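There are 2 protein chains.
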Amino acid sequence: MKINENSALVILSGGQDSTTALFWAKEKFQEVETITFDYGQRHKRELGCAKKIAEIADVPNKLVSITSLSQLSDNAMVNETEIKENEETLLPTTFVPGRNLLFVTMAAAYAYEKRIPNLIIGVSQVDYSGYPDCREETMKSLEETINLGMEFPFKLHTPLIYKTKKETVLLAKKLGALEYLKYSHTCYKGKFPPCGECPACKLRTKGFEEAGIADPLLL
Amino acid sequence: MKINENSALVILSGGQDSTTALFWAKEKFQEVETITFDYGQRHKRELGCAKKIAEIADVPNKLVSITSLSQLSDNAMVNETEIKENEETLLPTTFVPGRNLLFVTMAAAYAYEKRIPNLIIGVSQVDYSGYPDCREETMKSLEETINLGMEFPFKLHTPLIYKTKKETVLLAKKLGALEYLKYSHTCYKGKFPPCGECPACKLRTKGFEEAGIADPLLL
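The listed protein sequences correspond, in order, to chains W and B.
Our numbering numbers the first residue of the first sequence as 1 and each following residue consecutively.
Our numbering numbers the first residue of the second sequence as 1 and each following residue consecutively.
Only chain W is shown next, with the shape it has when bound in the complex (with noise of 0.2 Å):
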């Protein structure tokens, strides 16, 4: 198989952290492209901001509706279900079952048919909320199940993976992506200007503070 192993696709939400994991991968790989999925997410303002940011970016983008997985499963990501820790398994309500794992899934099955060995995450292990396909370990795991599942040398990086938010801000200054996160878009609750209050907007707002720069989408 004639594998391209300067290539890579990025899982680009829209949000900082994949906006920031996609200059890393520009700076990395000669070929990028990127991938996003539309799960039927409250959120939905942010499938229109990775389309933005990948074409500033100049970088292909291909959308993939998944909107299936909102049937499957009951939480705030996908439905009016109030944002809090869920009292029987102690993981908060925003966490959607098996998401990062389908997302990698299907980002695998696209590379593959393009002969693109190297797929990219910005997933985080320090500043996760508490999502257990954020942790390490779990992409490990699942680098292994895509390599054996389809025969094929996947390498899956997770360039944010020990990062904290305030890192991964100090990162995109670095790598030059600052002036890119004020197309991103990070509230759970689909707002803009973002509504400041639930966990994610908090993150934010403390990762920015702590890095002591200004977010530009306030700006």
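Treat the hints as calculated values from the structure; they're not laboratory data.
Since we're looking at a predicted model, the values are computed, not measured.
Misleading hints may appear alongside valid ones.
Note that the list lumps identical chains together, so a pair holds whenever it fits in one copy or between two copies.
30 Å max Cα-Cα, derived DSS-like pairs, lysine-lysine [stated by the list, open to error]: (1) K114 / K189; (2) K84 / K62; (3) K114 / K84; (4) K44 / K114; (5) K2 / K140; (6) K140 / K155; (7) K155 / K84; (8) K62 / K44; (9) K140 / K114; (10) K2 / K84; (11) K26 / K202; (12) K173 / K51.
Starting from the known structure of chain W, fit chain B onto it as the hints suggest.
Leaving out everything else, chain B in the frame of chain W:
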């Protein structure tokens, strides 16, 4: 979390193997449900078969649409590509990259929501047409990935993994599932009566012949 150890979710395609796996599950677990995926397959007929089989087996059947899978890759399962060996990958052109990985991950997301720990898939690495996502090694890795990714004690059962088609036919007989195979669908071309010539039809015919049993579908 309240987990019902005696509940199971079967991935039911409507084919011979998953129908047999369903009856295996019905013997082993008290509460059995099924899940079926519409991925834009050429042989759409199997979706109706799955529904019918679930009905007469008296188990719930959840139909999930992930037709975007057919946008991600180009293969003989979702389009009119000729069914043969792919000269570049050496895999059959009917290989849908990531298919079983996606099915199991989506089934797991649904099972998580219903607190069902047992997942059943009727793959076989003996008569597996060379699909890498039908091997035990892949399924073991996938089981670990979904456990880690959802922090849930899933057990992924593969009752047919070491069985030839002949042995699967004999198992169906033992389980009293033979008559249900009348409603199953196998033909890759989606034909009824089956074409008898595609690799799936040939494998089915061989299995019944070797078992010395008439295929109820053809009676």
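Intra- versus inter-copy proximity for K84 and K114 (alpha-carbon distance at most 30 Å): between (40 Å within a copy, 20 Å between copies)
Copy assignment of K2 with K84, given that the CA separation must stay at most 30 Å: between (47 Å within a copy, 20 Å between copies)
Status of K114 relative to K44 across identical chains (alpha carbons, at most 30 Å): Both. Shortest intra-copy (27 Å) and inter-copy (26 Å) distances satisfy the 30 Å Cα cut-off.
30 Å Cα threshold - placement of K155 relative to K140: both (10 Å within a copy, 19 Å between copies)
Intra/inter-copy verdict for K140 and K114 if alpha-carbon distance must be at most 30 Å: Classified as both: same-chain Cα gap 22 Å, cross-chain 27 Å, threshold 30 Å.
Intra- versus inter-copy proximity for K44 and K62 (alpha-carbon distance at most 30 Å): both (16 Å within a copy, 26 Å between copies)
Intra- versus inter-subunit Cα pairing at 30 Å for K84 with K62: between (32 Å within a copy, 29 Å between copies)
Identical-chain pair category, K26 with K202, by Cα at 30 Å: Answer is within: at 28 Å inside a copy they meet the 30 Å cutoff, but 48 Å across does not.
Alpha-carbon proximity context of K2 and K140, limit 30 Å: Classified as both; 25 Å inside a copy, 29 Å across copies.
K114 and K189: within-copy, between-copy, both or neither at 30 Å Cα: Only across copies: K114 and K189 sit 26 Å apart there, 35 Å inside one copy, limit 30 Å.
K173 and K51: within-copy, between-copy, both or neither at 30 Å Cα: Only inside one copy: K173 and K51 sit 21 Å apart there, 54 Å across copies, limit 30 Å.
Up to 30 Å CA-CA - K84 versus K155, copy category: Classified as between: cross-chain Cα gap 29 Å, same-chain 34 Å, threshold 30 Å.
Violated hints: none; the structure is consistent with every hint.
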